[in-house]
Amino acid sequence: MKKILSTSLIVLCLSGCIGYGNGIMSYAINGSSSKDRNFTQEELDKIEVFFGVNTKPSQPYIQLSYLEATGEHGASMDDLIQLLKREAAKYGADAIIEVSRISEAREVGTVVMTEGNYTYDAMVLTGIAIKYTENAKKLDGNSGN
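Following the working numbering, the numbering of the sequence shown begins with -9 at its first residue and continues without gaps.
Some hints could be false.
[Stated by the list, open to error] Taking CB as the label site, the calculated pair distances span: (1) Gln72 <-> Thr45: 15 to 25 Å; (2) Asn107 <-> Gly21: 41 to 51 Å; (3) Ile92 <-> Ile52: 23 to 33 Å; (4) Lys46 <-> Asn107: 39 to 49 Å; (5) Gln72 <-> Asn107: 26 to 36 Å; (6) Thr109 <-> Tyr56: 18 to 28 Å; (7) Thr109 <-> Ser48: 40 to 50 Å.
Derived from the structure by calculation, the hints contain no laboratory data. The beta-carbon is built from N, C-alpha and C at its ideal position, and this holds for glycine as well.
With the sequences and hints as input, model every part of the structure.
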């Protein structure tokens, strides 16, 4: 009985750990939907990235999804750009526009004993996945005539 109680207590304490990894969230715009699959690095490299508010390509496009990538402690900008590109690729995006960087305070440690916990600033990148309208027409089978 003591062994079961001890094991249960250890499991309970371990389940109270706070930790984060790199994460991605996306919110579909204009009725777009995502297709989850593995993408090659070559496919991801084709997705253009436009940094800064109001940065947009000169050609016409439609918005597909709002993207937000949050990094774990020590995550690099390149790590988060890859997360954004992977998520944008699921929507069939050609580019990510208006990419902005902010930081978010995160705490690492345990819920039960807060001694030894520490807080760090996590890097957060946001952007909007887009599809160039000429490419969108090709996908729909419309020639544009």
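Each hint, compared with the structure:
no.: 1; hint: Gln72 <-> Thr45: 15 to 25 Å; in the structure: 19 Å, holds
no.: 2; hint: Asn107 <-> Gly21: 41 to 51 Å; in the structure: 43 Å, holds
no.: 3; hint: Ile92 <-> Ile52: 23 to 33 Å; in the structure: 26 Å, holds
no.: 4; hint: Lys46 <-> Asn107: 39 to 49 Å; in the structure: 42 Å, holds
no.: 5; hint: Gln72 <-> Asn107: 26 to 36 Å; in the structure: 29 Å, holds
no.: 6; hint: Thr109 <-> Tyr56: 18 to 28 Å; in the structure: 27 Å, holds
no.: 7; hint: Thr109 <-> Ser48: 40 to 50 Å; in the structure: 42 Å, holds
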